[in-house]
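All chains, full assembly: derive it from the sequences and hints.
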Amino acid sequence: MTTHRPSLRLRAGMAFLLTSVLAITSCGVEGISGDGGGDDASESSDWTPQGPLTMVAAFGAGGGTDKVARAMLAGIEQCADGVTGNVEYREGGSGVVGYTYFMQQQGKSDMIMASTTELTTLPLFVDTPFTWENYTPIARIANDTVSLVVPAASPITSLQDLVDEAKTRKVTVGVVGVSGPDNIIRGLLEEQAGIEFESVVFNNGGETTAAILGNDVDAVLGGAGDIVGQVEAGTARALAVFAEERYQDGPMAPVPTAVEQGFDVTFGQWRGLIGPPGMPEEAVTFYADCLEQWTETPAYEEYLETSLALPAFQRGDDFEQYLADQEALIREVLGR
Amino acid sequence: MDALDPVIGGFQTALSLHNLLFCAVGVILGTVIGLLPGLGSATGVALLMPLTLGLEPVTALIMLAGLYYGTQYGGTISSVLVSSPGEASTVVSTFDGYQMARQGRAGQALAIAAIASFVAGTLTIVLLMALAPVFAGIAVDFGPPEMVGLVVVGLVGVVGLSRGIQMLKGLAMGALGVAVATIGFDPQTAVQRFTFGSVEVLGGIQFVPVVIGLFAIAEVMSQARATPADPIRARFRDLLLTRDDLHRSRAPIGRGTVLGFFLGTLPGAGATIASFVTYDVEKRVSKRKHEFGKGAIEGVAGPEAANNAAVNGAFVPTLTLGIPGSGTTAVLLGAFLLFGIQPGPLLMDKEPDLVWGLMASFYVGNVLLLILNLPMAPIFASMLRVRYAVLYPVILSASLLGAYALENRMWGAWVAVGAALVGYFLKRYDFPPAPVILGLILGPMLEQSLNQTSSMGSGDFGIFLHRPIALALLALSVAILLVPTIVARLRGPRSGAERQLIDD
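Sequences listed follow chains A and B, in order. For the first sequence, position 194 matches number 194 in the UniProt record's numbering, and the numbering has no gaps at all. For the second sequence, position 317 matches number 317 in the UniProt record's numbering, and the numbering has no gaps at all.
Please keep in mind that the hints were generated in silico from the structure rather than gathered at the bench. Honestly, I wouldn't trust all of these hints.
[Stated by the list, open to error] In silico SDA-like links for lysine to any residue, alpha-carbon gap of 20 Å or less: (1) K287/B x F464/B; (2) K350/B x G250/A; (3) K350/B x A233/A; (4) K170/A x F464/B; (5) K289/B x T485/B.
So, in structure tokens, the structure goes:
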């Protein structure tokens, strides 16, 4: 009798455990299947979503993706009467979990996703069950710009200086992540200038900024948003932005583009909206129209300003062509 | 007294009725969020940020910061009562805090945690206000090579957690943690490791579900197996701190405050490491080494002081340089931007009212938290009078819900279940689970900083020779490993060898 008691108790414990797991599973399933949407009943051109929208974000609350997701959702909500929505976070696997989940929402018209450069880069680095061509591109709304920064005390004063320096010794360049735009720009720059940097890989922009202030690296390639405070204070010096045009105003405005300095390297982290595979045409048009209208509003200006992003609106075939070009470019740089 | 003007101005801002109210809302919400396993301070701040958009920037930031340090108080409560850490930085409080609770001393554990947090919180605000730029300078000197040194010191701490055969078991568990941490997509090399083609583990094994499984659920399982312990029947009076408790806690709180603040200022290190390192230090200097892990109040007081001091430390690089000192301050920097305030070295010059008001509010918030937590300690502790048949299912569902909520996916709950099964057998065969957590946190940091150091020196580790701080830290870890053995050899069998090290 007594010897049996412990195992009974263990079993009781396990039973609790399993019941709890099952309880959560059923919650989860309910949450996912929700109201299925996607019934394209109306065939008129002025289609509007019925019921609440779901904006999927593959990264957590508070990050850059969350910010653009909320901004775009707010823009879409302004677009027609009674349109509301929520941001749903599907995190994990460097974004793969979110994209995989979104691919399963075949044909739905009330599901949209805030997307960025990882849509094209992820499948090149990781075994993903998807490529960008699985989804329905709706519109690109902005570009986050990458800039090149050196410590304030560095003798390097231009992109050409850095390239010359790299011909004589190993120059260390801090980047965030191997698969991010920073590292792709490093590859493009090396290819153009016929040099090779030693890249030091960090996890986020805060770490690269600390590396600049502590003189741990010769230069940093990173998002302008992370570094602008240092540039303004004169604790770091920006040498180039890798965009088609300079910033219009603010502390980054005097910084020349790489193209101006004779290096044809432009690559940015685009931000935009995609739909699930097979999203009905009228829904795509509705969302793209909404976002196009949104780019005319002060809310859009405010988004660009607080994110230090540059305007870059594209829709339809233009956006698809952009994605195809970007993928080709990355393949070339990475040799994949 | 011109130098004090901004401080006085700051307190005027923080003590306005409006800001006081939102500070209170922040700290109360923080306590609740900290209490719930899986919901950490970073998530809490991120989720509430949009709700504060209608407020004045300073008010919003006061509330969000209040939420941040409120979670450090709240996280302790679930660590102590049910061995389910609500926050990563309160994992350490389960070691002795939970044991104290098992002995009917939950009230004391919670009270000393509140006092330690308060003392550390308020003392380090003075440091933050007076010396932030100085500390920020030191923090920036901590590059990847120095981080390697610091992480090695932390890992060597595993050895300090136990002795003899237990030490070997501890090392094995630390290695297990490091091994588990290698799973997933490696951002350094873009290589997938041990994923077996599964999308779920691409992002690595998250640390929170493992903690929940290993500590909370495994504990419930082994309790369910053991002879049923009686619910704690302490009288209300027995839940109050004694003079001896306070006396024993004084020095640990002091050490925890200093260590926590300093480690907190380093970007990337933070409250969790601070709490582990402080625990290790306390165990080393204590006269009652054998009591550690069995309900030593020093093991609660020191780390609790450290994790709160680290929160203020994390604000040093955040406010003076615009570099986040922790995950949560990174989210807070995002909030600055939402209000159109550009964080960076000029922040204190451009927005003095905001910065000083915010710092003064930390003081106010800590007072509020002490008022809130100290009288509540015995009340929370009374929760343990609830019958286990009722309490355990609640703990289990709260734990699994927390593991799920971390990333909104079932995977987290399954990781917690897996960790619980492992944890159950570890407990049964007397393997310490704490080093697994340490390995899980420190493993990736070691790998990353070692990689970066190697790149910085183009593959030549001679770079360490040019970095005095890194060298000193590496030397320190060697000393930590060897000195106790050498001292013991020299002293022979005579005891009291360690007594020399104490009483500073």
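Evaluated hints:
1. K287/B x F464/B: This hinted pair is violated, its Cα atoms lying about 36 Å apart.
2. K350/B x G250/A: 15 Å, holds
3. K350/B x A233/A: 11 Å, holds
4. K170/A x F464/B: 18 Å, holds
5. K289/B x T485/B: 16 Å, holds
In summary, the one numbered hint that this structure violates is 1.
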